[in-house]
Amino acid sequence: MFDLYSEAGKVIQKALNKEKNIRTAIYASNFKNKKQLLRLCCETLRFRNCLDRILEVKELHDLITELHFDRYLLYVLLYDHIFGQGLSKARKVYSSAILKRATYIDKQLETMKDMIEEAKGCVTQSSTVVENPRYARVNTLKWSFDEALQALQDEEWNISTLEPQEHNDWYKIAINSMLKNQVYIDCHVKELLLFPANTDLHQHWMVTSGYLLLQDKASCLPGLVLNPKAGTCIFDICAAPGMKTTHLAALVQNKGKIWAIDKASDRIKTLHAMIEKAGAINVSTYCGDFLRTDVTNNKFNKVRYALLDPPCSGSGIVKRMDQLIDEEERVNTSRLRSLSNLQAMLLKHAMGLPNLKKIVYSTCSIHEEENEQVIEEILNDEFLRTHFKLIKAMPEWPHRGRANYSFGVKCLRALPEIDLTNGFFVAVFKRRKL
1 MFDLYSEAGK VIQKALNKEK NIRTAIYASN FKNKKQLLRL CCETLRFRNC
51 LDRILEVKEL HDLITELHFD RYLLYVLLYD HIFGQGLSKA RKVYSSAILK
101 RATYIDKQLE TMKDMIEEAK GCVTQSSTVV ENPRYARVNT LKWSFDEALQ
151 ALQDEEWNIS TLEPQEHNDW YKIAINSMLK NQVYIDCHVK ELLLFPANTD
201 LHQHWMVTSG YLLLQDKASC LPGLVLNPKA GTCIFDICAA PGMKTTHLAA
251 LVQNKGKIWA IDKASDRIKT LHAMIEKAGA INVSTYCGDF LRTDVTNNKF
301 NKVRYALLDP PCSGSGIVKR MDQLIDEEER VNTSRLRSLS NLQAMLLKHA
351 MGLPNLKKIV YSTCSIHEEE NEQVIEEILN DEFLRTHFKL IKAMPEWPHR
401 GRANYSFGVK CLRALPEIDL TNGFFVAVFK RRKL
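To convert, note that position 177 of the sequence shown is 177 in full-length UniProt numbering; the numbers rise steadily by one, no gaps.
Heads up, a few of these hints could be off.
Here are the simulated BS3-like cross-link-like pairs (lysine-lysine), alpha carbons at most 25 Å apart as the crow flies [as the list claims (entries may be wrong)]:
{"id": "1", "residue 1": "K229", "residue 2": "K410"}
{"id": "2", "residue 1": "K299", "residue 2": "K430"}
{"id": "3", "residue 1": "K34", "residue 2": "K89"}
{"id": "4", "residue 1": "K389", "residue 2": "K348"}
{"id": "5", "residue 1": "K190", "residue 2": "K255"}
{"id": "6", "residue 1": "K277", "residue 2": "K255"}
{"id": "7", "residue 1": "K348", "residue 2": "K433"}
{"id": "8", "residue 1": "K257", "residue 2": "K142"}
{"id": "9", "residue 1": "K32", "residue 2": "K89"}
{"id": "10", "residue 1": "K358", "residue 2": "K299"}
{"id": "11", "residue 1": "K358", "residue 2": "K410"}
{"id": "12", "residue 1": "K299", "residue 2": "K255"}
{"id": "13", "residue 1": "K34", "residue 2": "K277"}
{"id": "14", "residue 1": "K277", "residue 2": "K357"}
{"id": "15", "residue 1": "K269", "residue 2": "K255"}
{"id": "16", "residue 1": "K257", "residue 2": "K190"}
{"id": "17", "residue 1": "K229", "residue 2": "K348"}
{"id": "18", "residue 1": "K358", "residue 2": "K389"}
{"id": "19", "residue 1": "K257", "residue 2": "K277"}
{"id": "20", "residue 1": "K229", "residue 2": "K433"}
With beta-carbon atoms standing in for the labels, derived distance ranges [stated by the list, open to error]:
{"id": "21", "residue 1": "K172", "residue 2": "T386", "range": "36 to 46 Å"}
{"id": "22", "residue 1": "K120", "residue 2": "E66", "range": "44 to 54 Å"}
{"id": "23", "residue 1": "S144", "residue 2": "E117", "range": "49 to 59 Å"}
{"id": "24", "residue 1": "W157", "residue 2": "N298", "range": "43 to 53 Å"}
{"id": "25", "residue 1": "Y104", "residue 2": "S160", "range": "51 to 61 Å"}
{"id": "26", "residue 1": "G231", "residue 2": "L434", "range": "21 to 31 Å"}
Treat the hints as calculated values from the structure; they're not laboratory data.
Ideal Cβ positions, reconstructed from N, Cα and C, are used throughout, including at glycine.
Please construct the entire structure, taking both the sequences and the accompanying hints into account.
Structure representation (structure tokens):
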């Protein structure tokens with residue numbers, strides 16, 4: 001059995017060391033109760049400054065030097081001991097070590113009242129933030145949209161169609177006033193459903209069996225914009241965890257072929273699991289560095305469409321736990337520059353596919369460096385500009401790229417505060433007829 005506290009410590013360590021974002025680390029964990037793990041990690045990070053101050057107490061230093069507890073595990077144990085549910089369910093070696101030093105901890109807490117109130121205030125403030133609805137895409141590889149609606153109605157869900165947001169305030173009111181049993185059919189993405197924000201569908205049979213896939217609306221836009229024809233060959237680059245891959249498979253009705261590549265072996269395992277769960281039988285996956293992939297290899301001659309969703313800062317992801325990492329840590333200019341260079345290289349390499357007709361570039365980032373600046377670099381490349389043109393992505397979408405770029409209107413941006421999705425950027429290139 002995997003221990004909650006040690007698993008939470010590992011998640012927090014990976015998040016703070018920038019190895020993975022919190023959400024990815026949690027879902028990669030073998031701890032079964034993801035919701036419980038998420039809650040503990042989230043709350044621990046809220047009080048991190050307080051916990052750092054407590055760990056300054058010299059009587060606690062031997063926990064690290066002698067008992068070999070790591071700092072991240074101590075964060076979790078101290079949080080639950082002081083602010084959480086207590087350590088009654090913790091392993092005895094953990095609880096006894098903390099309780100033995102409780103007097104020193106309490107003494108330090110007496111000097112920290114203002115800091116603690118500030119941390120608690122942060123919790124109160126964040127709890128008032130408007131949350132996005134829970135999005136779920138009907139997996140049409142397993143059943144039809146109508147069958148899904150009927151199954152939901154049989155479970156007494158009240159289903160109605162959500163009209164396009166002609167007035168944003170009305171749209172927000174409609175979303176934020178959803179009743180507990182209400183479901184909206186999305187107005188932009190076919191087969192996407194909106195559930196109330198606090199709906200937990202992770203253990204619902206439709207989700208566990210792959211009939212519904214929990215995918216943010218913005219993440220559905222790249223596949224929608226690519227709009228591949230059934231029976232054609234597609235290259236999904238940096239494909240893991242596989243939500244866009246399975247969406248592409250659904251769009252082409254499992255016909256044709258999808259090449260799906262990702263560099264990290266652990267992410268490939270996640271990709272395999274998602275593909276199997278969704279029933280996407282037209283996908284061939286492989287683990288490798290796309291920049292080292294010979295795109296002129298004969299096996300890629302039939303590729304007509306490509307989707308590139310490269311590694312990015314993830315700054316558009318609307319998850320309250322991601323906001324717990326300091327702003328200074330999340331916005332790093334040198335890291336953005338490095339990511340931007342990688343993203344441009346990947347896009348240029350993908351455009352080398354000899355018979356490529358159309359390619360979509362997308363990120364879940366809000367930063368220009370990873371979005372418009374990457375597109376600008378492509379447009380400044382004479383060879384690529386000669387062979388590809390930037391076309392307007394999803395013209396009916398109201399929010400476009402940055403206005404300070406002449407081509408900005410052709411790009412698409414999903415805005416968390418307005419569209420109630422993750423922050424996203426999408427651009428699409430089409431091969432010119434020479």
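Requested in this report: Mind listing which of the numbered hints don't hold for this structure, in increasing order?
Outcome: 14 and 22
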